[in-house]
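Please build the complete structure, drawing on both the sequences and the hints.
Residue numbers (this note's numbering), protein chains in the order written: chain A, 1 to 368; chain B, 1 to 188.
Calculated directly from the structure, the hints in this document are not laboratory data. Just so you know, not all the hints are guaranteed correct.
[Said to hold, decoys possible] Straight-line C-alpha distance at most 27 angstroms; calculated DSS-like pairs for lysine-lysine: (1) LYS64/A - LYS39/B; (2) LYS147/B - LYS118/B; (3) LYS31/A - LYS178/B; (4) LYS30/A - LYS166/B; (5) LYS30/A - LYS178/B; (6) LYS135/A - LYS31/A; (7) LYS147/B - LYS21/A; (8) LYS171/B - LYS30/A; (9) LYS87/B - LYS57/A; (10) LYS31/A - LYS87/B.
No experiment lies behind these values; they were computed from the predicted model shown.
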Amino acid sequence: MEDNLLFDAIERYRNGQMDEKEELFFEELKKNNPEIDQMVAEHSFFLDELERMSEQKKLRHNLKEAENKLINEGFISGSNGKTKAKIIYLWNRYRRTIAVAAAIACIVSLSTATVISKYSENKKEAVITPLVDHKLNQFEYKLNEIEHKLKDATTAAAPARPKFKADFRATGFLIDGRGYLITNAHVVENAKNLIVENKKGDQFYAQQVYSNSTTDLAILKITDTSFQQVNGLPYTFPRSAAELAEPIFTLGYPREEVVYGEGYLSAKSGYYGDTTSYQISISANPGNSGGPVINQNGEVIGIISSKETNADGVVFAIKTQNIYDALKQVKKDKDITIKPPTVNTLKGLNRVKQIKKLEDFVYKVKGN
Amino acid sequence: MKTIEQEAILIKGLAANDTEAIETIYRDNFTVIKAFIIKNNGYTDDALDVFQEAMIVLFEKAKSGSFTLSCQLQTYLYSICRRLWLKKLQKQNRFNPSIETIEEIVPVDDEIEYHEKKNSDFLFMESALKKIGEPCKSLLEAFYLEKKSMPEIADLFGYTNADNAKTQKYKCLVRLKKIFFAQYKNKD
Chain A
1 MEDNLLFDAI ERYRNGQMDE KEELFFEELK KNNPEIDQMV AEHSFFLDEL
51 ERMSEQKKLR HNLKEAENKL INEGFISGSN GKTKAKIIYL WNRYRRTIAV
101 AAAIACIVSL STATVISKYS ENKKEAVITP LVDHKLNQFE YKLNEIEHKL
151 KDATTAAAPA RPKFKADFRA TGFLIDGRGY LITNAHVVEN AKNLIVENKK
201 GDQFYAQQVY SNSTTDLAIL KITDTSFQQV NGLPYTFPRS AAELAEPIFT
251 LGYPREEVVY GEGYLSAKSG YYGDTTSYQI SISANPGNSG GPVINQNGEV
301 IGIISSKETN ADGVVFAIKT QNIYDALKQV KKDKDITIKP PTVNTLKGLN
351 RVKQIKKLED FVYKVKGN
Chain B
1 MKTIEQEAIL IKGLAANDTE AIETIYRDNF TVIKAFIIKN NGYTDDALDV
51 FQEAMIVLFE KAKSGSFTLS CQLQTYLYSI CRRLWLKKLQ KQNRFNPSIE
101 TIEEIVPVDD EIEYHEKKNS DFLFMESALK KIGEPCKSLL EAFYLEKKSM
151 PEIADLFGYT NADNAKTQKY KCLVRLKKIF FAQYKNKD
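Pasting the structure below:
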């Protein structure tokens, strides 16, 4: 209780409520008693703080009142609606970013517009590349020529070898042993002379009997008299659609040598949802065009035609169904009956054996 | 622009917590501060906060009695607001090195430092008061802040007599001081 009285005294002393005599006595007490002196200091400080806090609270209240009054008057605008200030703030903060973004957007849209307008008429060519090899390796060509000359010298009964310089190279394969080959329309269009070459290096003149740039299918006929009918085409042409994820392989001539490639069927439609073709995942290069896409049962499910330029491993193959349409058309237009093989001798063989049987029927297509 | 005398009156008014003086200071100076804050990555609400704090700084200065303005009130407020806003930006890691200064400024670092220290004390006292709870809080406020007499308080809080109220007030005061000084010492 003594503390109580002391606090009381300190408060009265601090507020100047003591009379002179009492004040003198209290000061004397302070002087002689450091403990009390410290208590006085501490309590005074505490009361100062308490009062200061109260005053500040009152001030904050008043400030808030003044603010509200001015906001209501409209003198201070945009407090409740941060929007205007916020936009200025965001603008200030991000104006450089915005400027850069706008510049990029501008460039992108302009260049996109240019590209689109440039290629809109033939967008298929723009994004997808036909797989015909137009850059024939001169070295390979010469090598071939020498080989042929050597062969000429050693073999007496060599088939006729038309001598001409080819501009492009692609792939084709027999559909009928009498000399009918399947390849792509884009391969043979604009070609004056066509030569097909088998694995052994025998070359034959060929002519197109059918070409459809919509389906991108062409049928060639070997016109060379040296060509002898071949029998025993090992593959068949199924009428039913292929299944997603089916393993597939192909043979083709992306170079002078026949090249094997394998992959899988990745989509049942082609470029831009084109239902007349499949999307397959396989390594294909210029020269693979017109190559057969064969499943593990030895059925030709499609013909390689093109690949997407700016995507990896996206290759398109024309569905086999289109071949039947083409055959019908040929029958109708030219009264030529082409009979696709009906017996499949590849089924059940391992891949190496399949290829051995197959490679005699896949031809290199060249032309100028 | 107000004359030096007029501004001195305003500051005195602020020290006395006079609402009219506060309103006038707001009217005269807020627009400039707001323009500054918004120009430097702030919202209107930020401007209000900063201005309010600057007013508290000014209030504390004015309270100390010895304060006389060595420059125009607007320059002084602007300097304080600029300093406060810079600090706030730094705290938020949004420091804008090219902070734009459209007005002349005077050094106000001492004021800001003092204010920051005192501001934390203010928070200590406020939280200590909250911690002791009712009726202690109201009782102490009534006696120390509203300066009510003991018989008045006894009547208000329903104590049988003034002595009773005094005893109660004493108990509350001891508790409050204990909490306040505990926080105050922990700070260092």
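These are the hints, each one checked on the structure:
1. In summary, the hint linking LYS64/A to LYS39/B is supported, as the alpha carbons are separated by about 24 angstroms, within the 27 angstroms threshold.
2. Straight-line distance between C-alpha atoms of LYS147/B and LYS118/B comes to about 23 angstroms, which keeps the hinted pair within the 27 angstroms bound.
3. Annotation: proposed proximity of LYS31/A to LYS178/B holds, straight-line Cα distance about 25 angstroms (limit 27 angstroms).
4. Between LYS30/A and LYS166/B the CA atoms are separated by roughly 24 angstroms; this keeps the pair inside 27 angstroms, and the hint holds.
5. Note on LYS30/A and LYS178/B: the hinted pairing holds, with a Cα-Cα distance of about 22 angstroms set against a maximum of 27 angstroms.
6. With a C-alpha separation of about 110 angstroms, the suggested pairing of LYS135/A with LYS31/A is violated against the 27 angstroms cut-off.
7. Restraint check: the Cα-Cα separation between LYS147/B and LYS21/A comes to about 25 angstroms, which is no more than 27 angstroms; the hinted pair holds.
8. As the CA atoms of LYS171/B and LYS30/A are separated by approximately 24 angstroms, the hinted pair is consistent with the 27 angstroms bound.
9. For the given pair, LYS87/B sits about 23 angstroms from LYS57/A by alpha-carbon distance, which is consistent with the 27 angstroms threshold.
10. Distance restraint check for LYS31/A and LYS87/B: the Cα-Cα separation of roughly 45 angstroms exceeds the 27 angstroms cut-off, and the hinted pair is therefore not satisfied.
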